[in-house]
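Number of protein chains: 2
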Amino acid sequence: MDKVRLGIIGIGGMGTNHARSILEGKVPDMVLTAVADIRKERLDFAKDNLSSDLALFSDGKELIDSGLCDAVLIATAHYQHPEYVSYALTHGVHALSEKPAGVYTKQVKEMNEVAAKSDKVFAIMLNQRTNCVYRKLHEMMQSGELGALKRVNWIITDWYRTQAYYDAAGWKATWAGEGGGVLINQCPHQLDLLQWLCGMPTKVRAFCHEAKWHNIEVEDDVTAYLEFANGATGVFVTTTGDAPGTNRLELTFEMGKIVCENDNLIFDKVSENVSTHCKTEKEGFKKPDCTRITVETDGLNEQHIGVFKAFAGRILRGEKLVAEGAEGINGLTLSNAMYLSSWLDKTVEIPFDEDLFLKELDKRRATSKIKQDAGIVFDTTGTY
Amino acid sequence: MDKVRLGIIGIGGMGTNHARSILEGKVPDMVLTAVADIRKERLDFAKDNLSSDLALFSDGKELIDSGLCDAVLIATAHYQHPEYVSYALTHGVHALSEKPAGVYTKQVKEMNEVAAKSDKVFAIMLNQRTNCVYRKLHEMMQSGELGALKRVNWIITDWYRTQAYYDAAGWKATWAGEGGGVLINQCPHQLDLLQWLCGMPTKVRAFCHEAKWHNIEVEDDVTAYLEFANGATGVFVTTTGDAPGTNRLELTFEMGKIVCENDNLIFDKVSENVSTHCKTEKEGFKKPDCTRITVETDGLNEQHIGVFKAFAGRILRGEKLVAEGAEGINGLTLSNAMYLSSWLDKTVEIPFDEDLFLKELDKRRATSKIKQDAGIVFDTTGTY
Numbered sequence: 000m001d002k003v004r005l006g007i008i009g010i011g012g013m014g015t016n017h018a019r020s021i022l023e024g025k026v027p028d029m030v031l032t033a034v035a036d037i038r039k040e041r042l043d044f045a046k047d048n049l050s051s052d053l054a055l056f057s058d059g060k061e062l063i064d065s066g067l068c069d070a071v072l073i074a075t076a077h078y079q080h081p082e083y084v085s086y087a088l089t090h091g092v093h094a095l096s097e098k099p100a101g102v103y104t105k106q107v108k109e110m111n112e113v114a115a116k117s118d119k120v121f122a123i124m125l126n127q128r129t130n131c132v133y134r135k136l137h138e139m140m141q142s143g144e145l146g147a148l149k150r151v152n153w154i155i156t157d158w159y160r161t162q163a164y165y166d167a168a169g170w171k172a173t174w175a176g177e178g179g180g181v182l183i184n185q186c187p188h189q190l191d192l193l194q195w196l197c198g199m200p201t202k203v204r205a206f207c208h209e210a211k212w213h214n215i216e217v218e219d220d221v222t223a224y225l226e227f228a229n230g231a232t233g234v235f236v237t238t239t240g241d242a243p244g245t246n247r248l249e250l251t252f253e254m255g256k257i258v259c260e261n262d263n264l265i266f267d268k269v270s271e272n273v274s275t276h277c278k279t280e281k282e283g284f285k286k287p288d289c290t291r292i293t294v295e296t297d298g299l300n301e302q303h304i305g306v307f308k309a310f311a312g313r314i315l316r317g318e319k320l321v322a323e324g325a326e327g328i329n330g331l332t333l334s335n336a337m338y339l340s341s342w343l344d345k346t347v348e349i350p351f352d353e354d355l356f357l358k359e360l361d362k363r364r365a366t367s368k369i370k371q372d373a374g375i376v377f378d379t380t381g382t383y
Numbered sequence: 000m001d002k003v004r005l006g007i008i009g010i011g012g013m014g015t016n017h018a019r020s021i022l023e024g025k026v027p028d029m030v031l032t033a034v035a036d037i038r039k040e041r042l043d044f045a046k047d048n049l050s051s052d053l054a055l056f057s058d059g060k061e062l063i064d065s066g067l068c069d070a071v072l073i074a075t076a077h078y079q080h081p082e083y084v085s086y087a088l089t090h091g092v093h094a095l096s097e098k099p100a101g102v103y104t105k106q107v108k109e110m111n112e113v114a115a116k117s118d119k120v121f122a123i124m125l126n127q128r129t130n131c132v133y134r135k136l137h138e139m140m141q142s143g144e145l146g147a148l149k150r151v152n153w154i155i156t157d158w159y160r161t162q163a164y165y166d167a168a169g170w171k172a173t174w175a176g177e178g179g180g181v182l183i184n185q186c187p188h189q190l191d192l193l194q195w196l197c198g199m200p201t202k203v204r205a206f207c208h209e210a211k212w213h214n215i216e217v218e219d220d221v222t223a224y225l226e227f228a229n230g231a232t233g234v235f236v237t238t239t240g241d242a243p244g245t246n247r248l249e250l251t252f253e254m255g256k257i258v259c260e261n262d263n264l265i266f267d268k269v270s271e272n273v274s275t276h277c278k279t280e281k282e283g284f285k286k287p288d289c290t291r292i293t294v295e296t297d298g299l300n301e302q303h304i305g306v307f308k309a310f311a312g313r314i315l316r317g318e319k320l321v322a323e324g325a326e327g328i329n330g331l332t333l334s335n336a337m338y339l340s341s342w343l344d345k346t347v348e349i350p351f352d353e354d355l356f357l358k359e360l361d362k363r364r365a366t367s368k369i370k371q372d373a374g375i376v377f378d379t380t381g382t383y
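Protein sequence lines correspond, in order, to chains U and S. Quick note on numbering that gives the first Met the number 0: the first sequence kicks off at 0 and runs consecutively. Quick note on numbering that gives the first Met the number 0: the second sequence kicks off at 0 and runs consecutively.
Some clues are possibly wrong.
Note that identical chains are pooled: a pair holds if it fits in a single copy or bridges any two copies.
In silico SDA-like pairs for lysine to any residue, Cα to Cα no more than 25 Å straight-line [as the list claims (entries may be wrong)]:
(1) K285 x D262
(2) K202 x E271
(3) K268 x Q162
(4) K211 x A147
(5) K2 x P27
(6) K135 x I292
In short, the hints are calculated from the structure, not lab data. It should be emphasised that the depicted structure is a prediction, and the values quoted were computed from it without experimental measurement.
Construct the entire structure; sequences and hints are all you get.
Right, dumping it as structure tokens:
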């Protein structure tokens, strides 16, 4: 294989963006050969606006079976991600899934089991892991130089969306069509990064507010409290209702504090492990000395292109992925736990009861109303 | 009356600080005439180190009855604040209480009832209300220019204390002696400011961790989730275990966001009410325009001296207090609600069951162990 022949299943906002990137040659190891969508107007759009050379399919599985693609990107509605990934991997085609991995962990666990038995590559679009700031933070936390994690506080409220955003697509922000709101659509990146950096919490207490700022079925405002195995605590706050909003991640360690905001890492480094200092210092109010360091990174932040390049690199040369597909379940576990905690109005331990979660989700799907589709596909460039 | 003759009841760390300020003439309308303490060594200290002219009392009520004082400052252990305030006000002496107003609201409510019937002045040492930054914020929020409050997030984790701090005084950080930890000792200022700025929450869900960073009985790490009557939500995080820690208050409104940190107020002001914009904007991702403003203040921050000046001014000339004594119950209501939520492991509505709170507190007092007192009084200058 010289270049990976890619097919895109689901040519809405995100799928179209990705198609353009490949067609513009941003991923040298890849060519776009086919697109699939259940909506005829999107196929017409693709033919007229993307490339007239593309093979068009109204069924993603036909695209997979066509022999025209070595790999597929799945950019359908969330519920269908596991179905198409599993179909591709069992039909000789590599799969890259958009986030989230699925809507409920039970479904994703089954997909991961299929993937584990397949020799095809399975990746997931967790493009924020390519950001130099998070990569550097991950490296520092893995190195042990920071001591134990004590506290994390992520205010990620800069996901502003207007009512028009929700009205544009019938499946969006419905339990039946999308399976949730800001947690399932906007936050998979941060929830993945949170567990990638800090490990998985053991307990979650969340407060999800539905239709708080928009006329929608699902949550658009969430505050969650977390506890980790070592006793560290956390807060995660998100919404699509605030402007300008905030994206500020504060992490407190025995060796100081790191704040990640505006693509900077500011490290307030203490001269002595705080836990040791607390026990040995004779003065009551004296803190260890502290030095402020602006942490340098390699400055690279390839985002989606980085994920595509690594995906092609794995297929062609066995290189490292940005995120293994099977890791997509971790962030989803967090959002599922937040929903369940809020629905049950109590603290949820991880692992939680997946059957109970699905039962609760199905209750909401049963009364969910898919809206009239306005047929608008927004240009999503630079919004994720 | 030419000058207010002040007596200080409780001449520990805070009482000593205040005594020095008065003796140094920082409050022109006041003279210090007497001090009281149950500890003979503190009276000896006062005589030798403060002023040999001071009348000394081993009983605060004798000081009140002595006729040497027009007003008293109560700086005893927290449980005794209401008792001495009530005694002063019913014996013809004006009272200024250190924070907190007491340990449980039931006790403070009784004190407030006594105060309501007295013609003497009752004030409370909520000195952070003199800070220009909080005064300006209060003024802006009261003016209505910011629209409705949507969200508040206060990370106040710069209250670092060493184990030596807790070991120094036997009553500190015990249920029986102090009645709590970081919420009752360090945070009354922030809890008062929170309700002063945002109004009282209607629901509280808190997670108080006892002895997490220190060898103490009480909590030294708290995360609380709040809900307000208008639907706004909040997060309050505090600890005495972090260094360097953070003091960052973020408030989100329909007209933008204000961050209060490092004695600055940064206002990200949007061009249009976010709630209106959300409904009318045709683009899905477009935020209203935003301008960053560094809010100017009058720069005045008198702290304790400001509270004393206003207290004397009220007594002598009927001027405005920094904080009416009766308002002390508000911040205490918040901390009581946080304890109760954590003890019961569930959300608590405000007003909560005060008898239940006292029953739960008394359980903890019953098994509480007042420690051996190391007899150390730290210089607290600049630590509050």
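Consistency of the hints with the structure:
no., hint, verdict
1, K285 x D262, "between (32 Å within a copy, 21 Å between copies)"
2, K202 x E271, "neither (30 Å within a copy, 39 Å between copies)"
3, K268 x Q162, "between (43 Å within a copy, 21 Å between copies)"
4, K211 x A147, "between (37 Å within a copy, 14 Å between copies)"
5, K2 x P27, "within (8 Å within a copy, 84 Å between copies)"
6, K135 x I292, "within (14 Å within a copy, 32 Å between copies)"
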